[in-house]
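Residue numbers (our numbering), protein chains in the order written: chain Z, -3 to 350; chain G, 562 to 813; chain D, -11 to 298.
Just so you know, not all the hints are guaranteed correct.
To be verified - Interface residues of chain Z toward chain D, partial, derived using beta-carbon atoms under 8 Å:
no., residue
1, L85
2, I216
3, A252
4, G278
Stated by the list, open to error - The calculated label-pair distances, taken between Cβ atoms and stated as ranges, are:
no., chain 1, residue 1, chain 2, residue 2, range
5, D, V51, Z, L169, 39 to 47 Å
6, D, E124, Z, G278, 25 to 33 Å
7, D, A133, G, G733, 53 to 61 Å
8, D, K87, Z, P302, 27 to 35 Å
9, Z, G151, D, E124, 54 to 62 Å
10, G, Q686, D, L154, 25 to 33 Å
11, Z, H132, D, K87, 25 to 33 Å
12, Z, G278, G, E692, 33 to 41 Å
Calculated from the structure, these hints are not laboratory results. By construction, the Cβ of each residue, glycine as well, lies at the ideal position given by its N, Cα and C atoms.
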Amino acid sequence: MIEFWTLAIAAVTALACALSGSFLVLKREALVSEGLAHAVLPGIVIAYALLGDRTSPLLLVGAAAMGLVMILMVQAIRRTGVVDSTASLGVVFPALFSIGVLLTSLNLAGTHFHADCIIEGNLALAPLDRFVVGGHDLGPRAFWSVSTALLLVCGFVLALFKELKVLTFDPELAVSLGFRPGRVHVAWLAVVSFTVVASFEAAGSILVVALMIAPPAAAILWVDDVRHVLGLAGVFGLVSAFAGHEIGLALDIAPAGPMATSAGGLFLASLALAPRGVIVKGRAYRRSVAQMEEDLIAARLQPGFPRPCEAVRSELGWGLRRFEAVVARAESSAGLVRDVGARTLHLSAGRGEN
Amino acid sequence: MIERVEQPALEVEGLTVTYGREPALWNADLRLGQGALAAVVGPNGAGKSTLLKAALGVVPRVSGRVRVLGVDPARKRRLVAYVPQRSSVDWDFPTSVLDVVTMGTYGRLGWFRRPGRSERAAAMQALEQMEMADLAGRQIAELSGGQQQRVFLARALVQDAEVYFMDEPFAGVDAVTEQSIASLMGRLAQHGKTILSVHHDLATVPRYFEHAVLLNRAVQAVGTVKEVFHRSNLDRLYGGRVPADVPELASV
Amino acid sequence: MSWPWVALDPTLIVVAAGTSAVGAVSGALGCFAYLRRQGLVGDVVSHSALLGVVGAFVLTHAVTGSASRSLAVLVPGALLAGTAALMLARSVSIRTRLKDDASLGVMLSIFFGGGLFLLRWVQRQSPPIPGHTGLEDYIFGMAAAMTRADLWMILALGGCATVALLLLWKELKVFTFDPDFSRSLGFPARLLDSLTMALLVMGVVIGIQTVGVILMIALLVTPAAAARQWTSRLSTMVLLAATFGAGAGAGGALMSASEAGLPTGPVVVLLATATFVVSLLLAPRRGVIARAQSRRAMRDLPPPAAGRTS
């Protein structure tokens, strides 16, 4: 049963992260997830100190608010116009994280946080921490919190899909259409922040970042449509959760590292195999360059007028070996003819007409 | 070479560049004599900036040969100078006007050597030519668009090259700067320097340039403005969408 | 216990010297990444370095039979992993439709996740590999563990980076400001790009032992962002960033020594952040307050007769 709940928590976390991460990756602000994953730490510690109750749902809300605070701080610094947005993110999130680590180590609140849990979470223990309402055991608390996050993400995406899409691809259009991109964006980032916090306990910061960025990035290499990206990212997230969990069990180590690595592995596999991955694209590129090379030789000849090889080669600025290779290809495919002494080139008679 | 032929200042042959499936620049041939003042015109995405960058070796090319006074400029960088698009750099970079202009001497200095008094003096002189000497110590973030462009031109002047490649030097500058850039180009050409400049404003081509290169991925025509810059060529170049306020040009 | 007493402790002198050297070098090297708007690249390098550190540890154990945690072994590993992560991210951004943020984020996940993976595996080995407990410290940093040998290593690497910076100042400057122009001058872009990356990796690697892989980013970006506000000269900016970094480093080491249980890394980061906040508010001309004042002064002036010419 514990096994079941562990997997269920991992799966729901993976889905919630992959779906919310998709829009971050599409909007080219993937590293915001890295910022959030660190910045919520002081939120968690402070909310815990104030509430004194680790099981209160308010803890999640309070911590998520800290994520939002980070976003607003970054925006405020960027708005001064003297620091760009990447750098302001790079200033703000380590500072907030430092505050979190200091508060933890000073043990102000008697928090039980251990350094490892911040990075890796504690998926193994998560199923033991039950959500009990009125004497009824409703399952692990972590499952309920990540499920809430998943519902929030899905609800937001379903309700405001059009707005999110416009906001993601064309924020200026969003303004002219009368959407309030600022508000929708901030609301969306609040949902993302909540997802980060809810996933934090089970997954830790590294896994949150990995699950938010790697599955969507892999999906984008396969498909174009936003809906398909969301779906495929969800699938990739689930697969990494299961695979990482199995590896963790087999080696008897915390599953966060293996899950993050699995998500990365899926990305690398997509990079190699997907239609927009490096191998397929690279091959297409080389093929089109090879075609261009043949066409270039033909373009420097006129039908019926032989020209010295050396002149053509020098005009194209190619080395001897490259030139020979292209001529050899073009002789068989493009109707290029080299005379017997291999000194001049001309186009065969049929070439000029087609 | 048996008979002595007039050496072209800039000779480009078979220049081809691709960023993806389609070539951005196709088999471009181009020949300009010393003192030629040439505009590169063509629609958006025609490869105008790419032509300049490929000739300078800033972007890799599929094919092509470039000669400046018969020499490969990759071997002798001092022969060429480059004025990139003003918007291509971050003007909030912490440096002064004089510093940027001094960068024009970096190529001549080569690796490791630092600019000294003579380099800074050369930079000052170039700034004076651009009527910017009083702003030498100014932080570049405080310049107006026209002043930024003058700084870039001064930097090219310091390079003291034979061929100047300029990417939209007139973009977003005020009328006074436009005039002074145009007269600078004229002076350079009079001194036998060759200029190849990307230009957007068709209406001013006949006023500022003597030669025109009509480019739409491939070179469609090269020659003097009189020869090639007329309506039928332009309509073909822009796909029949040349705005009506372009002056009707002398037919040949 | 009060400050002067603590400061006399020779171990603490080593730690404080090392931390401030780290702050100075990474502050100076961070300026170039900051100006290229690649501040977060340092974050990816530092996280990735964990895989290199643990990998080097495992490898030396496998080869020599005894594992070493000296910087002389771990630094090459970190350099290798950091560079590999950056180069992979770069090539993904160039060759696919993904942009820098996604490719960097993925590489961070892979390398840091892999580093944790390997670390946990090492810790599970029985019989335990001697020295493996200290590896954990690279995540959050452990300045107090700095030895004299580590200090020499930091000074040597920092010295190399400084020499490279001085020798290639002009080239790095023109490349950072206007890469196309620098290429047209005949300075190969790929070489200069690799060089700036190598310097960044160097700045990261010498600091991770002190502040840890997670917070290292702050030592690269924050002093640079603070220094930028005070000056419009690159050389002054680099010197100032180095000074801010050194100050935060030394201050952090001393403060954390004066209070038991205070981790050095976060204190260093918060000191650097404090310099940034002060700079953002108070710097002449660029500072928030100075600009608000000049705006007010402009409003009080009568409007100019003619429109602003550009």
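To see whether the hints hold, each was checked on the structure:
A hinted interface residue such as Z/L85 counts as satisfied when its beta carbon comes closer than 8 Å to some beta carbon of chain D; here the least separation is about 7 Å, so the hint holds. The interface hint given for Z/I216 is met, as the beta carbon of that residue sits about 6 Å from the closest beta carbon of chain D, less than 8 Å. About 7 Å separates the beta-carbon of Z/A252 from the nearest beta-carbon of chain D, less than 8 Å, and the hint is met. Because the smallest distance between the Cβ of Z/G278 and any Cβ of chain D comes to about 7 Å, under 8 Å, the interface hint for this residue holds.
Judged by the Cβ atoms, the range 39 to 47 Å given for D/V51 and Z/L169 is violated: they are separated by roughly 59 Å. For the pair D/E124 and Z/G278, the beta carbons lie near 40 Å from each other, so the given range of 25 to 33 Å is not met. Against the hinted window of 53 to 61 Å, the Cβ-Cβ separation of D/A133 and G/G733 comes to about 56 Å, which satisfies the hint. Restraint check, D/K87 to Z/P302: a C-beta distance of roughly 49 Å breaks the suggested window 27 to 35 Å.
In this structure the supplied range 54 to 62 Å is violated for Z/G151 paired with D/E124, their Cβ-Cβ distance being about 40 Å. At about 28 Å, the beta-carbon gap between G/Q686 and D/L154 stays in the expected band of 25 to 33 Å. A C-beta distance of roughly 48 Å is found between Z/H132 and D/K87, which places it outside the suggested range of 25 to 33 Å. Checked against the given bound of 33 to 41 Å, the beta carbons of Z/G278 and G/E692, roughly 51 Å apart, lie outside it.
Hints 5, 6, 8, 9, 11, 12, counting from the list given before, are not met by this structure.
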